[in-house]
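Enquirer: If you read the protein sequences in the order shown, they are chains A and B. If you're matching positions, the first sequence starts at 0 in numbering that gives the first Met the number 0 and goes up one per residue. If you're matching positions, the second sequence starts at 0 in numbering that gives the first Met the number 0 and goes up one per residue.
Treat the hints loosely; a few may be bogus.
What the hints assert, rightly or not - Listed below are the simulated DSS-like cross-link pairs for lysine-lysine, each with C-alpha atoms no more than 27 Å apart in a straight line:
1. K92(B) with K111(B)
2. K441(A) with K27(B)
3. K111(B) with K453(A)
In short, the hints are calculated from the structure, not lab data.
One-letter residues, chain by chain:
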Amino acid sequence: MACSCVFVLGSSFLTLVRTGSLLDLHIIGAEPAPEERAAVDGLLGPPESGWLGGARNIDRDGRVSRTGLDEVTDRRDLLLPAFHAVQDRIGWVSRGALNYICRRLIVPPAEAWGVLTFYHLFNTEPEPPVVAHVCDDIACRLKGAEALVCSAEQIVGSGGASASAKASARLAEAREAFPRERRRSAPPGGLVKRSPCLGQCDRPVAALIIGAGEKPTATTLVNVASANEIALALANVRSGAASAPPSTGPAHVVGSKILRRIGHVDPRSLDSYRAHGGYLALARALDVGPRAVIDEVTASNLLGRGGAAFPTGRKWDAVARERATPHFLVCNADESEPGTFKDRVLLEEDPFATVEAMSIAGFACGCSRGFIYLRGEYPLARERVQQAIDSAHAAGLLGDRILGSQFSFDIEIRRGAGAYICGEETALFNSLEGRRGEPRSKPPFPAEVGLFGKPTVVNNVETLVNVLDIVLEGGAEWAKVGTRQSTGTRLFCVSGHVARAGLYELPFGQTVGELLELAGGVADGRRLQGILLGGAAGTFVGPDALSLKLTFEDVRAAGATLGSGVVMVFDETADLGDTLLRIAKFMEDESCGQCVPCRVGTVRQVEILQRLVRQTFGGAKAPPLQEGAVRSGGTLVPPSRPASTVPDRVRDLALLTELGQAMRDASICGLGQTASSAVETAIARLRVFRHDPRVNGEQE
Amino acid sequence: MSDTEAISFRLPPRSSQIPTPPERPQRKLVEVTIDGGAVTVPEGATILDACRAAHKDIPTLCYLDTLTPINVCRVCVVELEGARVLVPACSRKAETGMVIHTDSPRVHTSRKVVLELLASSVDLSTADDLQQRLREYGADPQRFGSLAGIATVHQPVKIDNDLYVRDYSKCVLCYKCVEACGTDAQNTFAIAVAGRGFHAHISTELDVPLPESACVYCGNCIAVCPTGALMAKPEFELRQAGEWAPERQTATDTICPYCGVGCTLTVHVQDERIIKVMSPLDNDVTRGNLCVKGRFGFEYVHPERLSPAEDRNSER
Numbered sequence: 000m001a002c003s004c005v006f007v008l009g010s011s012f013l014t015l016v017r018t019g020s021l022l023d024l025h026i027i028g029a030e031p032a033p034e035e036r037a038a039v040d041g042l043l044g045p046p047e048s049g050w051l052g053g054a055r056n057i058d059r060d061g062r063v064s065r066t067g068l069d070e071v072t073d074r075r076d077l078l079l080p081a082f083h084a085v086q087d088r089i090g091w092v093s094r095g096a097l098n099y100i101c102r103r104l105i106v107p108p109a110e111a112w113g114v115l116t117f118y119h120l121f122n123t124e125p126e127p128p129v130v131a132h133v134c135d136d137i138a139c140r141l142k143g144a145e146a147l148v149c150s151a152e153q154i155v156g157s158g159g160a161s162a163s164a165k166a167s168a169r170l171a172e173a174r175e176a177f178p179r180e181r182r183r184s185a186p187p188g189g190l191v192k193r194s195p196c197l198g199q200c201d202r203p204v205a206a207l208i209i210g211a212g213e214k215p216t217a218t219t220l221v222n223v224a225s226a227n228e229i230a231l232a233l234a235n236v237r238s239g240a241a242s243a244p245p246s247t248g249p250a251h252v253v254g255s256k257i258l259r260r261i262g263h264v265d266p267r268s269l270d271s272y273r274a275h276g277g278y279l280a281l282a283r284a285l286d287v288g289p290r291a292v293i294d295e296v297t298a299s300n301l302l303g304r305g306g307a308a309f310p311t312g313r314k315w316d317a318v319a320r321e322r323a324t325p326h327f328l329v330c331n332a333d334e335s336e337p338g339t340f341k342d343r344v345l346l347e348e349d350p351f352a353t354v355e356a357m358s359i360a361g362f363a364c365g366c367s368r369g370f371i372y373l374r375g376e377y378p379l380a381r382e383r384v385q386q387a388i389d390s391a392h393a394a395g396l397l398g399d400r401i402l403g404s405q406f407s408f409d410i411e412i413r414r415g416a417g418a419y420i421c422g423e424e425t426a427l428f429n430s431l432e433g434r435r436g437e438p439r440s441k442p443p444f445p446a447e448v449g450l451f452g453k454p455t456v457v458n459n460v461e462t463l464v465n466v467l468d469i470v471l472e473g474g475a476e477w478a479k480v481g482t483r484q485s486t487g488t489r490l491f492c493v494s495g496h497v498a499r500a501g502l503y504e505l506p507f508g509q510t511v512g513e514l515l516e517l518a519g520g521v522a523d524g525r526r527l528q529g530i531l532l533g534g535a536a537g538t539f540v541g542p543d544a545l546s547l548k549l550t551f552e553d554v555r556a557a558g559a560t561l562g563s564g565v566v567m568v569f570d571e572t573a574d575l576g577d578t579l580l581r582i583a584k585f586m587e588d589e590s591c592g593q594c595v596p597c598r599v600g601t602v603r604q605v606e607i608l609q610r611l612v613r614q615t616f617g618g619a620k621a622p623p624l625q626e627g628a629v630r631s632g633g634t635l636v637p638p639s640r641p642a643s644t645v646p647d648r649v650r651d652l653a654l655l656t657e658l659g660q661a662m663r664d665a666s667i668c669g670l671g672q673t674a675s676s677a678v679e680t681a682i683a684r685l686r687v688f689r690h691d692p693r694v695n696g697e698q699e
Numbered sequence: 000m001s002d003t004e005a006i007s008f009r010l011p012p013r014s015s016q017i018p019t020p021p022e023r024p025q026r027k028l029v030e031v032t033i034d035g036g037a038v039t040v041p042e043g044a045t046i047l048d049a050c051r052a053a054h055k056d057i058p059t060l061c062y063l064d065t066l067t068p069i070n071v072c073r074v075c076v077v078e079l080e081g082a083r084v085l086v087p088a089c090s091r092k093a094e095t096g097m098v099i100h101t102d103s104p105r106v107h108t109s110r111k112v113v114l115e116l117l118a119s120s121v122d123l124s125t126a127d128d129l130q131q132r133l134r135e136y137g138a139d140p141q142r143f144g145s146l147a148g149i150a151t152v153h154q155p156v157k158i159d160n161d162l163y164v165r166d167y168s169k170c171v172l173c174y175k176c177v178e179a180c181g182t183d184a185q186n187t188f189a190i191a192v193a194g195r196g197f198h199a200h201i202s203t204e205l206d207v208p209l210p211e212s213a214c215v216y217c218g219n220c221i222a223v224c225p226t227g228a229l230m231a232k233p234e235f236e237l238r239q240a241g242e243w244a245p246e247r248q249t250a251t252d253t254i255c256p257y258c259g260v261g262c263t264l265t266v267h268v269q270d271e272r273i274i275k276v277m278s279p280l281d282n283d284v285t286r287g288n289l290c291v292k293g294r295f296g297f298e299y300v301h302p303e304r305l306s307p308a309e310d311r312n313s314e315r
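Here chain A stands alone, though its shape is the one from the complex (with noise of 0.2 Å):
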């Protein structure tokens, strides 16, 4: 590709312009600090010219440079991990290390910006270089994290709370007509934010402790039962003193399929994984040949573990005969649905086991790359998944001629920041190019333009792992257990009000009842009033549900979805209207903001759901949650309004019924089509607004 680049040295600004993908580049004024330049500089390298932020060197670059570019020097997919960089070092990304970012990765500031602006993980402001993101959301909430969080807040401080509430500060701001001074140091002391499901369902209430610094820290504290213990979990990372102790496995892993190495193997250890039986299936598939990987993988009928059910088998085969290359492999690990931890269990578990299914993923489909995008907020996943990378590495099972065969592939992690949509496979690819991870429009597919433009195959880390036993055991073997639709085993990710919340591996097949009686049933033996199934994005279902079978035919006749696996438990005493807002409220965060109905709907839904759990309940339970007043002008308007302007109930419900129906007809995404979807069946199936005593005697 004939691709010149072109500098001109303005008095003010560098311009810079790009033929053959014309770019006019202008990056004015700040300058980084060393330490921002130091963090950027360990990432890309020392600056090869005076163009690309270096010192200027008058002899070397002269006043025109001229290089390829589109080939040798587009290296737009590092930004997030130069935000990471930085991130991670000081705490922040302030606009002389965005404009040192954009000079060294030739990225225009204002879309940089837009990318740094759009997850959660980033800051733009200084904070304090210690930062508690403890979990707010529906598992969590169901072990008192509101009051934990309020308090902890008190005691430590909030900095604009959620990252919503940043988000409202940021967009006020915006809304001024000029920008006001911005902070130029970080406010002294720790700082507590409020964060979606941190996928610790199992073990409420969670926290991620982030240290930013030279070595940066991020621990994740679990069972969290008092704000003490996150101020001293703060304190502790601010003094340098030993961080809080790294989570450990679940309190309950049950499964004796994909699970079963899981307690019994080192997770740090490449003979231990050997010794369970590891790199077996790589070398079988190695010893076959990709058709007959495939068509093991097609035989066995593999639906795709991570919500959307797709034939395994026939994503692998599209993928693999398309002519385009390269073909990349792109491990979805960004494990975001509420009430879902499946994926950080194998990842921090067994991590060979991803490895080693992504090699032969990579194999089978003609890939020499693979990625795994891995959730911002899984710490010791990416430590362990890192560690196994590196050992294969060592042990030839990645990198040249694997095996001393012909098939040669490497895995990278990269990090999300703090996006539940960039778990949709094209959000995650634009995330992954260093775009902001708004979702593409279906078709073309993946497997025809995914990644870079090129064939893509995109699997769940479950569904990766479940090819392992495929390849050993043949296809139709394997496809023995479980029905004839779903076959093999599926891991659900029970919590909430049951007595030993944990991961269990079924076959398909069994019921419900079945799963929460292996879970030890409705804790302190309670009522059961109803269940969440596959999460935010999921269903909820009545007690009448306990004899459905989890399969994925049973589930969708009965109108509702096994999504991610989530199987979440609302006894008696849980406040069903607190759940619903929070999941509306986590939709209305997680929208990228792309499209109408998904941009707009969601607030409206928040608005709508606030007035039917004012008028459900009454007015002396104020909105549970904490941004319950609704935003008018960049203000905090309270929600009180006299009761008579009230739209009644009856039409608030029919509201939320078209509203849902237009989300889900004209999203974009599977985000916008399922925003609706908790709230629906839970009206509809639970009765929510319906019949509450309290409700002025209405009758409907």
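Got chain A sorted already, so can you dock chain B onto it with the hints?
Expert: Same frame as chain A, but now just chain B:
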């Protein structure tokens, strides 16, 4: 061949025939059914193209012939038989055998709710086309609550330069200005979408004022803005003063006097004063785009620009 050997070069003999371009391969045709009628369009055409060929009126907002379709507004959705959800007409390619309904109850509901969601959160007072669509679909934005009590994008107007005004209270986030500032026209990348969800907004880096950004004031963003959120200053001032009078306005096509490219300008005039300069979207030279001189360099036409000289004359 050695280095010293002379290279002989002779022109090929002149052909006696006038050369003709190679024949273009015949584009394949696809046949789709729209509201019961068969329509044939060339391969690669979108459902929107097919609907237009069938004279179906499909509302659009974020779509423009000169920009890459990004299907974010969702007002052009149609029902495609066999598809789980509605599909955006503007970007979905027509395929043989598609059976499409452009005005089914599902389509109507979705379009109506989408229009209501926009009208309940954005000031559409200068978006005449959208107002018309709201009436057409019987949309009632008040259903979501009184405007004072629900979330809106209301905010102060941004006036930070002499050429144009940004009133993001009127922004429907159609991404058109971002596309025009980026690879679809100008390649300046001064603005992008920042933030997320309902907080997503059009922004320069760190929301700095335009003079501190990469903006080159080509005004191509104004040309594509469908709601008047971006407006040339004269128009904004006339509207503020309540003197905006479309019935007193004329639009005259001329050629830009500045450089040799020869862009077509459409000069809008009210009361003997130029209020804005546009260019036709279907113009071969401009595709609707102009530069800062063509778009804003018209002040010399107005008589008061001459007053210092007149002053000098009167002094003599």
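Enquirer: Against which earlier hints does the structure fall short, listed by number upward?
Expert: Structure breaks hint 3 only.
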